[in-house]
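S.K.: If you want the building blocks of each chain, they are given just below.
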Amino acid sequence: MGKRILLGAVAILLLLAAGYGAFYVAPEERTMGLIYRIFYFHVASAWAGMDAFFVCFLCNLLYVWKRAPKYDWLAVSSAEVGLVLTTVVLITGPIWAHPVWGIWWTWDARLTSTFVLWLLYVSYLLLRTLVEEPDRRALLSSLFGIFAFLDVPLVFGAIRWWRTQHPSPVIMGGPGSGLEPTMKKVLFFFVLAMHVFAAFLIVERYILEKMKNEVDLLQREAEAL
Amino acid sequence: MPAPTPTGLRFENIDKRYGGLFALRRVSLEIAPGECVVLAGRNGSGKTTLLRIAGRIVRPTAGKLSFPGASSESSTEGRPGYVAHTTMVYDELSAEENLVLFAKLQGVPQPAERADELLREVGLYERRTSLVRTFSRGMRQRIAIARALVHGPSVLLFDEPATGLDPLGISWLAKSLGDVHRSGCTVVMSLHGESEISALATRAVQLDAGSVVADTKSGASLHSILTFGGG
Amino acid sequence: MGLFSNTLTLLGKELRTEFRSRELLTTTVVFILVVLILFSFAINPTSEESRDFGPGLLWLAILFAGSLMLQPCFLREQANDTLSSLRLAVSDPFAIFLAKLMANTLFLLVTEILMLPLFAAFYNIPILPQLHYLLLVLFLGSLGVSVAGTALSAISAQARMRELLLPLLLLPILTPVLVVSATVSVSLLDREPVVQWKGMAFLAVFDLVFLTALWIFGEYLLEE
Chain A
0 MGKRILLGAV
10 AILLLLAAGY
20 GAFYVAPEER
30 TMGLIYRIFY
40 FHVASAWAGM
50 DAFFVCFLCN
60 LLYVWKRAPK
70 YDWLAVSSAE
80 VGLVLTTVVL
90 ITGPIWAHPV
100 WGIWWTWDAR
110 LTSTFVLWLL
120 YVSYLLLRTL
130 VEEPDRRALL
140 SSLFGIFAFL
150 DVPLVFGAIR
160 WWRTQHPSPV
170 IMGGPGSGLE
180 PTMKKVLFFF
190 VLAMHVFAAF
200 LIVERYILEK
210 MKNEVDLLQR
220 EAEAL
Chain F
0 MPAPTPTGLR
10 FENIDKRYGG
20 LFALRRVSLE
30 IAPGECVVLA
40 GRNGSGKTTL
50 LRIAGRIVRP
60 TAGKLSFPGA
70 SSESSTEGRP
80 GYVAHTTMVY
90 DELSAEENLV
100 LFAKLQGVPQ
110 PAERADELLR
120 EVGLYERRTS
130 LVRTFSRGMR
140 QRIAIARALV
150 HGPSVLLFDE
160 PATGLDPLGI
170 SWLAKSLGDV
180 HRSGCTVVMS
190 LHGESEISAL
200 ATRAVQLDAG
210 SVVADTKSGA
220 SLHSILTFGG
230 G
Chain B
0 MGLFSNTLTL
10 LGKELRTEFR
20 SRELLTTTVV
30 FILVVLILFS
40 FAINPTSEES
50 RDFGPGLLWL
60 AILFAGSLML
70 QPCFLREQAN
80 DTLSSLRLAV
90 SDPFAIFLAK
100 LMANTLFLLV
110 TEILMLPLFA
120 AFYNIPILPQ
130 LHYLLLVLFL
140 GSLGVSVAGT
150 ALSAISAQAR
160 MRELLLPLLL
170 LPILTPVLVV
180 SATVSVSLLD
190 REPVVQWKGM
200 AFLAVFDLVF
210 LTALWIFGEY
220 LLEE
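Heads up: the sequence lines are chains A, F and B, in that order. What the first sequence shows, in numbering that gives the first Met the number 0, is residues 0 to 224, in sequence order. What the second sequence shows, in numbering that gives the first Met the number 0, is residues 0 to 230, in sequence order. What the third sequence shows, in numbering that gives the first Met the number 0, is residues 0 to 223, in sequence order.
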């Protein structure tokens with residue numbers, strides 16, 4: 000319990016520090032003014048979200064191999080946290096785009112791919128709600144999770160190479176836009192803070208899932224009597 | 000088809016869990032080649048699960064299943080024949096087409112001849128080109144049995160064979176199972192109550208809540224097991 | 000009795016079943032037809048614009064049709080638990096998938112080829128000059144739909160709401176196929192056609208990735 004509180008405290012502190020950094024330490028951007036500062040939040044969420052999905056993928060593989068329920072609990076926890084972070088990316092994108100470009104959505108390659116990523120993991124969670132038996136649910140969702148994650152590089156590749164026939168506004172610095180050293184440091188710190196925060200959320204969600212399973216098991220045993 | 004190699008069944012500490020609930024709990028059972036064993040027990044006692052594990056359709060959560068006496072685990076002979084409530088054949092294919100399909104898949108030599116042979120044995124030869132969809136309950140069971148026997152198994156597993164059969168059907172089934180048993184096949188079947196079919200049994204085992212609670216081999220009476228009185 | 004012969008035997012079974020009832024083919028053909036017509040009501044193609052988005056709509060129709068056509072794939076094995084008897088009979092469970100995906104690809108291709116003349120007429124797009132390349136991209140794309148769809152239909156058959164679930168699972172996974180196939184088709188049917196070999200190669204990679212994944216994980220999809 001103590002470790003959990005410690006992790007939570009560290010996560011929140013880091014996040015606050017990162018937020019401070021984004022607003023006060025990072026230098027002014029030439030054209031965009033205040034709104035650009037959401038960039039740090041956006042990019043950090045994107046990285047942390049992707050890493051969360053990677054953890055989910057590893058857990059899916061481990062579950063299929065070992066069949067230990069804890070891998071399934073970790074998989075659903077990291078998928079949910081990944082989905083939340085990905086939602087943040089999808090929301091902060093338009094929040095940035097509207098004042099700058101005057102439009103809400105730009106079909107920018109990365110944002111579009113992120114949307115597909117979001118859909119894939121929504122499907123993953125939806126699949127889980129549609130299978131009642133825990134072992135079956137774990138196996139089927141692990142297998143779908145594996146297929147989904149294998150699809151991710153294909154999605155990003157296809158959209159990047161074949162969807163940019165219509166040049167569109169690029170959200171927050173595509174390749175070629177340089178970052179000042181201070182910006183890089185602030186970004187790195189924000190990414191780190193986001194990862195720690197994501198880890199904290201995943202741990203808490205994991206413990207919740209573990210308890211839910213234990214209650215569920217007791218219920219089923221009671222019904223069987 | 001050559002006579003089956005006498006093969007037994009050995010369950011060693013078989014567990015089967017579904018999401019934390021035990022369907023089978025440390026079941027250990029040794030069935031000798033040539034026995035005709037009846038599995039009895041209430042609904043939910045684990046009979047079907049045990050048979051499905053023996054039939055290699057379901058994998059146990061723990062424990063080991065082996066077939067002592069089988070010439071080779073992976074050859075078709077080592078594979079048990081399994082008959083369930085459903086026919087496990089295709090409604091949209093004819094009886095003949097189904098049997099040829101399963102014969103070909105399992106590498107049975109001369110699949111068409113084997114199919115015809117089986118159809119004659121189970122009395123479906125006249126209806127061999129009819130789609131299984133048109134079959135009555137009794138005929139469906141016959142095609143199911145034929146499918147299970149296609150590869151000449153040494154072990155036949157039968158889940159509640161008498162369900163839905165009229166007395167004529169039960170008599171026919173009892174005779175067929177008797178023939179199969181006499182030809183050297185080890186038979187394991189799950190049953191409710193006494194009938195012409197249970198009379199074939201050389202041994203009975205009672206399951207309750209996933210465990211073996213009585214066995215005629217250990218002295219319990221066949222009658223009491225079949226009426227769930229044992230254990 | 001090996002993988003190859005089992006696959007051929009099962010493929011024969013899939014084809015025989017379908018040609019007897021033709022239910023998959025007819026419903027898929029009609030569905031694509033309806034979708035193509037409805038698209039034209041919603042968008043009103045003039046001949047210039049239709050070259051740009053016509054192929055895309057065709058691929059969209061193929062994806063929708065595919066995700067419906069693939070639903071019965073494993074569902075029909077549940078009726079009499081034939082999936083269990085197949086699993087017992089074959090030496091390698093991959094044969095079951097291989098046979099089904101080959102059959103599904105074939106059904107999709109037959110449907111598409113039947114649709115092509117109508118598509119060319121509705122959207123005023125000449126297809127004959129580039130027909131061989133068009134068939135290639137149709138094959139590679141349909142193979143992708145089929146491989147992913149066969150795998151996922153084994154999953155959705157074991158869940159609730161399976162009719163709605165398969166499209167939900169399949170369509171996001173197929174976005175790379177849609178994007179690339181549509182783009183390659185558009186440039187093939189352009190006034191100055193270009194064959195995008197990179198695109199074809201990408202589709203082939205997609206097919207290979209999912210085929211390999213199916214080969215590795217297939218037996219778990221069939222597990223009970």
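Hints are supplied without guarantee of correctness; some may be wrong.
[To be verified] Cβ-Cβ distance ranges computed for the label pairs, FRET-style: (1) B/Ser20 x F/Ile169: 48 to 54 Å; (2) B/Phe18 x F/Gly163: 42 to 48 Å; (3) A/Leu124 x B/Val193: 39 to 45 Å; (4) B/Phe18 x F/Ser129: 45 to 51 Å; (5) F/Thr133 x B/Val193: 51 to 57 Å.
In case anyone wonders, no lab produced these hints; they're calculated from the structure. Glycine included, each C-beta is placed from N, C-alpha and C at the ideal position.
S.K.: Evaluate each hint against the coordinates.
M.R.: Here's how the hints hold up against the structure:
As the Cβ distance of B/Ser20 to F/Ile169 is approximately 35 Å, the hint placing it in 48 to 54 Å is violated. Distance hint check: the CB atoms of B/Phe18 and F/Gly163 are about 33 Å apart, inconsistent with the given range 42 to 48 Å. The hint said 39 to 45 Å for the Cβ distance between A/Leu124 and B/Val193, and at roughly 41 Å that hint holds. Between B/Phe18 and F/Ser129 the CB atoms are about 18 Å apart, so this pair departs from the stated range of 45 to 51 Å.
Checking the proposed 51 to 57 Å range against F/Thr133 and B/Val193 shows it holds: the Cβ atoms sit about 56 Å from each other.
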